[in-house]
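Student: Chains as they are written, first to last, in this note's numbering: chain R, 8 to 397; chain P, 11 to 366.
The set of hints was computed from the structure by calculation and includes no laboratory data. In this text, a Cβ means the ideal position worked out from N, Cα and C, and glycines have one as well. A hint or two may mislead.
Take a look, some chain P residues computed to stay more than 10 Å from chain R by CB distance [unchecked claim]: (1) E87; (2) E99; (3) I178; (4) A192; (5) H216; (6) T221; (7) T265.
Stretch-level coverage of chain R by chain P, calculated; a stretch enters the list once three of its residues show a Cβ under 8 Å from a Cβ in chain P [as the list claims (entries may be wrong)]: (8) 88-97; (9) 239-246.
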Amino acid sequence: MPVHTKTDSNSPLLEGQGEVKKIILVVGARPNFMKIAPLMHELKRHPQFEAVLVHTGQHYDMQMSGRFFEELGIPAPNINLEVGSASHAQQTARIMMGFEKVCLDEKPDFVLVVGDVNSTAACTLVAAKLNIKTIHYEAGLRSNDRTMPEEINRLVTDSISDYFFTTSVDADENLLKENVSPDKIFMVGNLMIDTLEANLAKAVGSPQLFSILNKTGNIDIQTLQPTGYGVMTFHRPSNVDEKPSLERLVNIWGAISEKIPLVFPIHPRTYKNIQQFGLIDTINAFPNLYLIEPLGYLEFIHLVSKAKFALTDSGGIQEETTHLNIPCLTVRPNTERPVTVWEGSNKLIKIEDIETEAQAIVEGKGKTGTNPKYWDGKAAERIVTILEML
Amino acid sequence: MNRILTIVGARPQFIKAAAVNRKLQEQGVNEVIVHTGQHFDANMSEVFFEEMEIPKPTYNLDIHGLIHGAMTGRMLEGIETVLLKEKPEAVMVFGDTNSTLAGALAAKKLHIPVIHVEAGLRSFNMAMPEEINRILTDRLSDVLFCPTDTAVQNLQNEGFDKFPSKIIKSGDVMQDAALFYAQKATEKSIIIEQLGLENFVLATIHRQENTDDLEKLNSIIDGLNQIHCETQVVVPMHPRTKSILAQQGIKPAFTIIDPVGYFDMIRLLQQCQLVVTDSGGVQKEAFFFGKHCITLREETEWTELIDNGFNLLAGTNQAILFSAFQEMKVKQSDFSLNLYGNGTAAEQIAIVIGKA
Numbered sequence: 008m009p010v011h012t013k014t015d016s017n018s019p020l021l022e023g024q025g026e027v028k029k030i031i032l033v034v035g036a037r038p039n040f041m042k043i044a045p046l047m048h049e050l051k052r053h054p055q056f057e058a059v060l061v062h063t064g065q066h067y068d069m070q071m072s073g074r075f076f077e078e079l080g081i082p083a084p085n086i087n088l089e090v091g092s093a094s095h096a097q098q099t100a101r102i103m104m105g106f107e108k109v110c111l112d113e114k115p116d117f118v119l120v121v122g123d124v125n126s127t128a129a130c131t132l133v134a135a136k137l138n139i140k141t142i143h144y145e146a147g148l149r150s151n152d153r154t155m156p157e158e159i160n161r162l163v164t165d166s167i168s169d170y171f172f173t174t175s176v177d178a179d180e181n182l183l184k185e186n187v188s189p190d191k192i193f194m195v196g197n198l199m200i201d202t203l204e205a206n207l208a209k210a211v212g213s214p215q216l217f218s219i220l221n222k223t224g225n226i227d228i229q230t231l232q233p234t235g236y237g238v239m240t241f242h243r244p245s246n247v248d249e250k251p252s253l254e255r256l257v258n259i260w261g262a263i264s265e266k267i268p269l270v271f272p273i274h275p276r277t278y279k280n281i282q283q284f285g286l287i288d289t290i291n292a293f294p295n296l297y298l299i300e301p302l303g304y305l306e307f308i309h310l311v312s313k314a315k316f317a318l319t320d321s322g323g324i325q326e327e328t329t330h331l332n333i334p335c336l337t338v339r340p341n342t343e344r345p346v347t348v349w350e351g352s353n354k355l356i357k358i359e360d361i362e363t364e365a366q367a368i369v370e371g372k373g374k375t376g377t378n379p380k381y382w383d384g385k386a387a388e389r390i391v392t393i394l395e396m397l
Numbered sequence: 011m012n013r014i015l016t017i018v019g020a021r022p023q024f025i026k027a028a029a030v031n032r033k034l035q036e037q038g039v040n041e042v043i044v045h046t047g048q049h050f051d052a053n054m055s056e057v058f059f060e061e062m063e064i065p066k067p068t069y070n071l072d073i074h075g076l077i078h079g080a081m082t083g084r085m086l087e088g089i090e091t092v093l094l095k096e097k098p099e100a101v102m103v104f105g106d107t108n109s110t111l112a113g114a115l116a117a118k119k120l121h122i123p124v125i126h127v128e129a130g131l132r133s134f135n136m137a138m139p140e141e142i143n144r145i146l147t148d149r150l151s152d153v154l155f156c157p158t159d160t161a162v163q164n165l166q167n168e169g170f171d172k173f174p175s176k177i178i179k180s181g182d183v184m185q186d187a188a189l190f191y192a193q194k195a196t197e198k199s200i201i202i203e204q205l206g207l208e209n210f211v212l213a214t215i216h217r218q219e220n221t222d223d224l225e226k227l228n229s230i231i232d233g234l235n236q237i238h239c240e241t242q243v244v245v246p247m248h249p250r251t252k253s254i255l256a257q258q259g260i261k262p263a264f265t266i267i268d269p270v271g272y273f274d275m276i277r278l279l280q281q282c283q284l285v286v287t288d289s290g291g292v293q294k295e296a297f298f299f300g301k302h303c304i305t306l307r308e309e310t311e312w313t314e315l316i317d318n319g320f321n322l323l324a325g326t327n328q329a330i331l332f333s334a335f336q337e338m339k340v341k342q343s344d345f346s347l348n349l350y351g352n353g354t355a356a357e358q359i360a361i362v363i364g365k366a
């Protein structure tokens, strides 16, 4: 009996293309979008893949979500689970229930998850139980701090994934230490940098006029260029959800702003804390401390790319500043992205050292570094090449 | 610790938890027991708790009959609610079911320390949902009580030495339970007399990978039929398996009986010639009661039974199954070998918890 080949004239497949592989890509929260965008673009150029984009709706702010999709040119999700915000367990539970139905309906060959949010862990768990091959992009990152919910999500995801796409060699080493077989690990580089590279030129042309939240009026960032400015992101509950720690930070920010202006695109939740804790007057006493509206992706990378330094407690900006070789002060005892410290311009610091470190940067003694391997805008290409072989 | 919360859901977990509970009481540790509802049937009635001297759960979440993702999801929600209310010092989970995983995950996300009893077991077959549950629960746990040296070794191979978790070889609580109930079984069970059994092979088939694959299931049935021609084969059958057989019009020649309670099972294990099973727990119980075992799988978590010749992996092939029977029925072994801690596991676990 002849072997059936897909070359008959009725076949929708192109000759020689072989089977179409169906791959579900999962996004849940904002940091995921920047990682999925270049991958969606690259997959579209390869007709042997059918990409299904599933948005779990973990970040339920659809306005913010929609703006990012538009800016990054990501097609609207094929499926939105709309789980909304809830406790960790409830959110994970809802994602699992919703995503299980999706997998049963779509019957994908692969499920690809990114990062370390609840959606990452929940969808991997569901797919693994259904014996669908799972791929984790940004695998192997470890802060070794198990009080971080993200660390739990990383551990869960990496202990059951089939394939591991990593952003740096330290991640490979972490996985090898956990007995992951080396032939399942692929160092592909950094998708965030793909997105940064693809958008930076476009972003730099955009206006930089933002409304100031704590007073009426706007700030044109370009007017800060001559003196230089620092950009901040803070969102960890341990820093911004309790009055004593937030008050301490506000005073430190203020002191720094007297030497160099500080711009803080602030999450509405954090701004509400500042109001509730009665810290607005303290903020207002520092004319060069600008709390501005939350920004879209393009505005944000423009702001970062022109900054003298970044001050943060978050994840992604450590990588962007390393690629741009801008000094970054990360106020955390650990980082799951140590390559930004070993090779890049990132520095882990304590709260009590923020002022001295910022002063050093003002004096031109900020840390510089080199760009890590494969942080070159071609991560998506590498990933798709590997997907073709799986 | 003075107050812990224990998650159970499947029948064997109640038996394991009861063994630990008896010793926790001696240590003055207060235990809140939560039943997820994963197993619910007539054998889980009031009588079960009374007969088995098992403390009744404080909470029953009543979650059952769902596919894996949905079931685990609902359990996560339910367990989180209880944890927020009870605020225990630690959460204890057993084995490898969805209840185990849901308990560990819900606790960990609330920063409550997780204690895993029966940690470190691996079949190295990721197609088994239990394997995923085991790996994840171990990874989330702070204290891991391993039943065997092999289990400790498995964790070390996965890099656990470098994790902030504590690994303790405690022995196997199932051996504690087996010893505890063995005496009672002789008093309470009349199954041997009822069924008029003399020389027989005890077989159990329940694993999804065997029952849902018709080719495998047919091959197992044929193999058991062939053994039955020589020695009576008795199979307490899960309702799920029974309904699959009925749907497929398969009528086995061997003796099928209703699912049995733990005491009847112990009596069957004590009195049989040898055991054929695809269950993890039954492989060990065969050893506890000095019986050779043939396992209807390609791999097992209890590798020390294989290494010491007490157990033979036959897979599901009819011919291999029958030749395994020929080999095992004449085999002589020394069952006094201490592989599972000789019945002191629960006490060791309770002491560690009491002192923590």
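Student: Against which earlier hints does the structure fall short, listed by number upward?
Tutor: Hints 1 and 9 not satisfied by this model.
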